[in-house]
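Chains as they are written, first to last, in my numbering: chain A, 1 to 130; chain B, 1001 to 1134; chain C, 2001 to 2221.
Derived from the structure by calculation, the hints contain no laboratory data. Hints are supplied without guarantee of correctness; some may be wrong.
[Said to hold, decoys possible] If you want the footprint, here are the derived chain A segments under chain B, 3+ residues with CB under 8 Å:
{"id": "1", "region": "31 to 39"}
{"id": "2", "region": "68 to 75"}
{"id": "3", "region": "84 to 94"}
{"id": "4", "region": "115 to 126"}
[Stated by the list, open to error] Here are some chain C residues pointing at chain B (derived, C-beta under 8 Å):
{"id": "5", "residue": "Ser2039"}
{"id": "6", "residue": "Thr2042"}
{"id": "7", "residue": "Gly2065"}
{"id": "8", "residue": "Leu2140"}
{"id": "9", "residue": "Asp2159"}
{"id": "10", "residue": "Glu2186"}
{"id": "11", "residue": "Ala2200"}
{"id": "12", "residue": "Arg2202"}
A virtual CB, placed ideally from N, CA and C, is assigned to each residue, including glycine.
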Amino acid sequence: MIADLEEVRQPAPTQRRRGGTTAWILQVVSGVLLVVLLGLHIVTQHFVVKGGLRDYAQVVSYLSNPVVLAVESLFVVVLIWHAMLGLRAILLDFGFGRRGQAWITYGVTALGAVTAAYSFWLIATIAANG
Amino acid sequence: MSATTRAGRPARRPLRGAAGWARGRHLGSVAFLANRVTGLLLIAYLYLHLGVLYLLTEGPGSWANVLNLFKNHWFLALESLLILFILVHGLNGLRLALVGTGVGVRHQRAWFTAVAWVSVGLYVVVVLAMFGVI
Amino acid sequence: MDEFDIAVGPETTLLDALREIRSHHDRSLTLRYSCCHASCGTCGMRANGREVLACVTPLASLGAGPITVEPLANARVEHDLVVDMRDLYAGLEPARRPLIRQDERLAGRDEPGPGFDRYEDCLECGLCTSACPITGSDPLYLGPAALAAAWRTVQEPRDADPPQVLAWVDDEQGCWRCHASFECTEVCPSGVDPAAAVMALRRELTRHKLGQVTRRGRHRR
Chain A
1 MIADLEEVRQ PAPTQRRRGG TTAWILQVVS GVLLVVLLGL HIVTQHFVVK GGLRDYAQVV
61 SYLSNPVVLA VESLFVVVLI WHAMLGLRAI LLDFGFGRRG QAWITYGVTA LGAVTAAYSF
121 WLIATIAANG
Chain B
1001 MSATTRAGRP ARRPLRGAAG WARGRHLGSV AFLANRVTGL LLIAYLYLHL GVLYLLTEGP
1061 GSWANVLNLF KNHWFLALES LLILFILVHG LNGLRLALVG TGVGVRHQRA WFTAVAWVSV
1121 GLYVVVVLAM FGVI
Chain C
2001 MDEFDIAVGP ETTLLDALRE IRSHHDRSLT LRYSCCHASC GTCGMRANGR EVLACVTPLA
2061 SLGAGPITVE PLANARVEHD LVVDMRDLYA GLEPARRPLI RQDERLAGRD EPGPGFDRYE
2121 DCLECGLCTS ACPITGSDPL YLGPAALAAA WRTVQEPRDA DPPQVLAWVD DEQGCWRCHA
2181 SFECTEVCPS GVDPAAAVMA LRRELTRHKL GQVTRRGRHR R
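Working from the sequences, and respecting the hints, build out all of it.
Here it is, written out as structure tokens:
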């Protein structure tokens, strides 16, 4: 038994650790920003117009305001960032190992980029119709 | 004699995967699972929402058709659940932002209890507003 | 699963019951125990799904009706109620946690009475690792026991090197894998509060990272 314990004793780890503090700080900051931005988005979309739903003309008119455009764009970026970090955290919990961890990060980054690109295309297309 | 790998390390421990995430019985585990489930549901909703918004690029007609669906009471009821998920995820997220950075760890249970009550309270207010009662 | 019906008294502990089964019902039942007073951490197991030390768990506390006894989770089962603890022990090594008598402790909570002689809180019983939801799904996660040991080293390094230990836990499989379920703290029989230790490590690392960012900003200006 003592021999077994000697076999599993490890020296202090020397391999490069990959950190995680930055991802946590980004998740916290994006989350706090979302409390404000998502709250704003829900109120402006559903509690300002009569009936709580914007028709086509009202959507186009809403997006023609440059301040609104800027805030909604920020909202999109922060939301997608937070969502992808969250999805990554859940996927990492499945324990796919170091290489799997790298692929998961690439994967959610790609998914986030595609989602953001589509979202901005949507905003641009709708705003252009105004 | 126990099984070992070639290097003499113990054989890998058995994994239970995601099934183990729902084993916990205490408030902290309820909060963890609630955050995870609401997070995944909200991601699913995000893509649904982005998909539906595509109809705005097809002109007023397509959008008007989908608005009629949105005004349906059953649809409103489902949308109100979305508000509940947002409240739980958002408020618990604020709790985690503090606790997960080592602030107020001793109060984590009390904070989750507050999150649950505030979420339900606000949800009731929002539902009443959605259905025009207030 | 084997079933046993045994007579118990009002103060019978789970360990008493298991020893009774082994003595008079099934001599092949394999279990581990030693001190019988929650100091050695050897008799960790699950009773009705809950992580406990069998020696100090009265059967009466487990509710009426049949009691299901299982080995600790997230560890390879050697036989019956005995699990392979070497993963846990190996995981604790890099933390370089010093072995300090409780009355010699320099930092931390209120000290016990003068006649009480006990070593550091962690019994290395494995209950926290068994209860942790993430240890069960990620084989590389350091786990609550190792992380709590790391925090203890940072608090009171003696001959260890706290920056090295902090660098070790600053990893996606280190303290950042914890999702604050607090199950580890709920089941710890020894007051270690591993979850608080993990959060304290995260606080230290966050403080250090934000300090780095502000220092870099000052240098650029």
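Taking the hints in turn, this is what the structure says about them:
1. 31 to 39: holds (count 5)
2. 68 to 75: The restraint on the region 68 to 75 of chain A is violated, since only 0 of its residues have a Cβ under 8 Å from chain B and three are required.
3. 84 to 94: holds (count 5)
4. 115 to 126: holds (count 6)
5. Ser2039: 25 Å, violated
6. Thr2042: 17 Å, violated
7. Gly2065: Constraint on C:Gly2065 not satisfied, violated at 17 Å.
8. Leu2140: Hint on C:Leu2140: violated, closest Cβ of chain B at ~10 Å, above 8 Å.
9. Asp2159: Given a least distance of 26 Å, the restraint on C:Asp2159 is violated.
10. Glu2186: 5 Å, holds
11. Ala2200: Holds, because the Cβ-Cβ distance from C:Ala2200 to chain B comes to roughly 5 Å (cut-off 8 Å).
12. Arg2202: Holds: closest Cβ of chain B sits about 6 Å from C:Arg2202, inside 8 Å.
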